[in-house]
Amino acid sequence: MARSNKPILWLPFAAGGLVAALIIPVLILITGVLLPLGVLPLPYDKVAAFAQNPLGKLILLGTVALPAWHAAHRLRMTAHDLGLGSGLLVKAACYGSAFVLIGLAAAALMMI
Amino acid sequence: MSRRPYIRKVQRTWWLGHRRYVVYMLRELTSLFVGLYCAVLTVGLIRLAQGAAAWSAFLDALSSPASVALQLVCLAFAVFHSVTWFALTPKAMVLTLRGAPVPAKAIVGAHYGVWAAVSLIVLIAAGA
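Those sequence lines, one after another, are chains C and B. FYI, our numbering numbers position 76 of the first sequence as 59, with every residue one higher than the one before it. Heads up, our numbering is the position in the second sequence plus 764, with the first residue counted as 1.
Simulated from the structure, these hints should not be mistaken for laboratory data. The beta carbon of each residue, even a glycine, is placed where N, CA and C say it ideally should be. One should not assume that every hint holds.
To be verified - Not everything, but these chain B residues come out facing chain C in the computed CB check (under 7 Å):
| hint | residue |
| --- | --- |
| 1 | Gly799 |
| 2 | Leu809 |
| 3 | Asp824 |
| 4 | Trp879 |
| 5 | Ala890 |
| 6 | Gly891 |
Construct the complete structure from the given sequences, taking the supplied hints into account.
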């Protein structure tokens, strides 16, 4: 049987879809509604303490990395649906930007 | 002999032709807003690593009217992603319990339950 790289792309896609579905709406509610309204001030000490904790780092990295991969894979498929092609350029733009985001998030978390 | 396979021309606006296709395209485009918000989160982590002053400036930027408007659009698409993602889970995984398939409603319902629990935990952790 021909080998396929699809499971490697699919597994984080599905995991990212689930993580995005579960956690992204409440995060936007916090940063886009409750913070501007002054309900949740998100003080530096508290957020930094969470990001300094190893488990907190892992949760934050998963919250960025998995949905970012999910979005990259789905955008690649959508680009094809929209007739934008499915060549190397589309792949590089989608997965490339996901890798950049994941790398930046990981680097930032290591420095906190 | 050269092959000339027939490739039917597809217009880029094909998905505007039917309501179902529009909903499909809106569902797929949720990924654009999920990706966009991942970028916002990444910027937040970078600003957090830069210290208290940078974090405070980031919070101010999040609270600007333009940024709130963008986040509300992201929120609408994110919720649409959640609803459509939960709706497809019973189609993607068929669970059986003691030989009988678990009803689709139970699988979708369980996802909504976990969604509510995760949202509550995040709100409490954020200090609500």
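With a cut-off of 7 Å on the beta carbons, see whether aspartate 824 (chain B) makes it to chain C. violated, 10 Å
Could you check if alanine 890 (chain B) really has its C-beta closer than 7 Å to a C-beta on chain C? holds, 5 Å
Should the hint that leucine 809 (chain B) touches chain C count as held when the rule is a Cβ pair under 7 Å? Nearest chain C Cβ about 4 Å off; hint holds.
With 7 Å as the cut and Cβ atoms as the points, is glycine 799 (chain B) at the interface with chain C? holds, 3 Å
Status of the tryptophan 879 (chain B) interface restraint (C-beta, 7 Å, chain C): holds, 6 Å
At a threshold of 7 Å, is the proposed contact between glycine 891 (chain B) and chain C supported by beta-carbon distances? This hint holds: glycine 891 (chain B) lies near chain C, its Cβ roughly 6 Å from the closest one there, short of 7 Å.
In summary, the one numbered hint that this structure violates is 3.
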